[in-house]
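Quick note: the sequence shown uses my numbering, first residue 42, plus one each step.
Any given hint could be a false lead.
[Unchecked claim] Simulated crosslink set (BS3-like; lysine-lysine; CA at most 30 Å straight-line): (1) K87 <-> K76; (2) K76 <-> K46; (3) K201 <-> K225; (4) K87 <-> K120.
[What the hints assert, rightly or not] Restraint ranges, calculated between C-beta atoms of paired labels, are given here: (5) S157 <-> N71: 15 to 25 Å; (6) P78 <-> E184: 45 to 55 Å; (7) G72 <-> E223: 15 to 25 Å; (8) D133 <-> R190: 36 to 46 Å; (9) G197 <-> D143: 14 to 24 Å; (10) N71 <-> K263: 31 to 41 Å; (11) F110 <-> S157: 24 to 34 Å; (12) N145 <-> K69: 32 to 42 Å; (13) K130 <-> R93: 17 to 27 Å; (14) G72 <-> G111: 38 to 48 Å; (15) L101 <-> R57: 15 to 25 Å; (16) Q212 <-> D133: 49 to 59 Å.
In short, the hints are calculated from the structure, not lab data.
Ideal Cβ placement from N, Cα and C applies to all residues, glycine included.
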Amino acid sequence: MRINKYIAQAGVASRRKADELIENGNVKVNGAVMKEPGYDVQEGDKVEVNGRVVEGQQKLVYVLVNKPFGVITSAKDEKDRVTVMELVKDIDERLFPVGRLDYNTTGALIMTNDGSLTYRVTHPKHELGKTYRALVKGVISPEKARKLRNGVDIGGYVTKRAKVSVIKGNQNSTLVEITIFEGKNRQVRKMFSAIGNPVQELERVAIGNIRLGHLKSGHYRKLTKEEIEYLKNC
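With the sequences and hints as input, model every part of the structure.
Shown next as structure tokens:
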């Protein structure tokens with residue numbers, strides 16, 4: 042098994058991040074620094090990442106978290122703010138978030154120790170849709186909705202086609218459901234700002250066809266076998 046896949050299956054990092062760790066000299070095999078990303082781990086090899094011995098196989102865990110407002114999507118935070126790790130601290134395996142949600146954004150977040158799945162879900166080529174409910178300032182006219190669907194310039198980058206549905210609204214604010222198929226930093230907020238309707242509240246309600254449903258804020262549930270297979274084959 043290639044060493045980056047071995048590290049990913051151990052839940053240490055995604056394959057992409059594993060390649061970086063190898064390149065930076067953070068990986069040892071049998072006590073020697075390994076800098077060959079194509080190395081095949083052999084039976085009996087002792088693999089260490091940052092001085093910690095890792096095993097290629099472990100119990101894989103997949104959960105859907107409803108991230109509350111003000112929680113950091115990170116394994117740790119230099120400002121000692123609450124991170125999503127606190128939401129799954131009763132799980133023995135060390136999980137990591139798949140992708141990110143902003144500090145001010147709530148909703149669906151997948152966490153797992155399966156590095157291979159993390160790589161697959163977050164890689165741009167798979168274009169897994171993420172659906173958000175956005176409460177925005179002002180009115181979303183049919184013309185503005187069309188612009189969102191077709192792509193808007195968010196500062197040197199024009200977004201790909203999106204799905205947009207206006208749920209309800211008045212002169213002061215509008216509730217919109219939007220599905221995007223890419224993951225630029227603060228993309229949804231930037232898209233609405235670009236058309237003059239800044240976001241007031243933002244919740245991610247679905248990742249692909251995995252929906253948040255009635256999961257309470259700050260809680261999590263295990264993904265079903267069908268949902269796991271869906272992510273592995275998306």
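Quick rundown of the hints versus the structure:
no., hint, in the structure
1, K87 <-> K76, "holds (15 Å)"
2, K76 <-> K46, "holds (15 Å)"
3, K201 <-> K225, "holds (11 Å)"
4, K87 <-> K120, "violated (35 Å)"
5, S157 <-> N71: 15 to 25 Å, "holds (24 Å)"
6, P78 <-> E184: 45 to 55 Å, "holds (49 Å)"
7, G72 <-> E223: 15 to 25 Å, "violated (42 Å)"
8, D133 <-> R190: 36 to 46 Å, "holds (44 Å)"
9, G197 <-> D143: 14 to 24 Å, "holds (20 Å)"
10, N71 <-> K263: 31 to 41 Å, "holds (36 Å)"
11, F110 <-> S157: 24 to 34 Å, "holds (31 Å)"
12, N145 <-> K69: 32 to 42 Å, "holds (40 Å)"
13, K130 <-> R93: 17 to 27 Å, "holds (20 Å)"
14, G72 <-> G111: 38 to 48 Å, "holds (44 Å)"
15, L101 <-> R57: 15 to 25 Å, "holds (19 Å)"
16, Q212 <-> D133: 49 to 59 Å, "holds (52 Å)"
Consistency with the previously given hints fails for numbers 4 and 7, ordered from lowest to highest.
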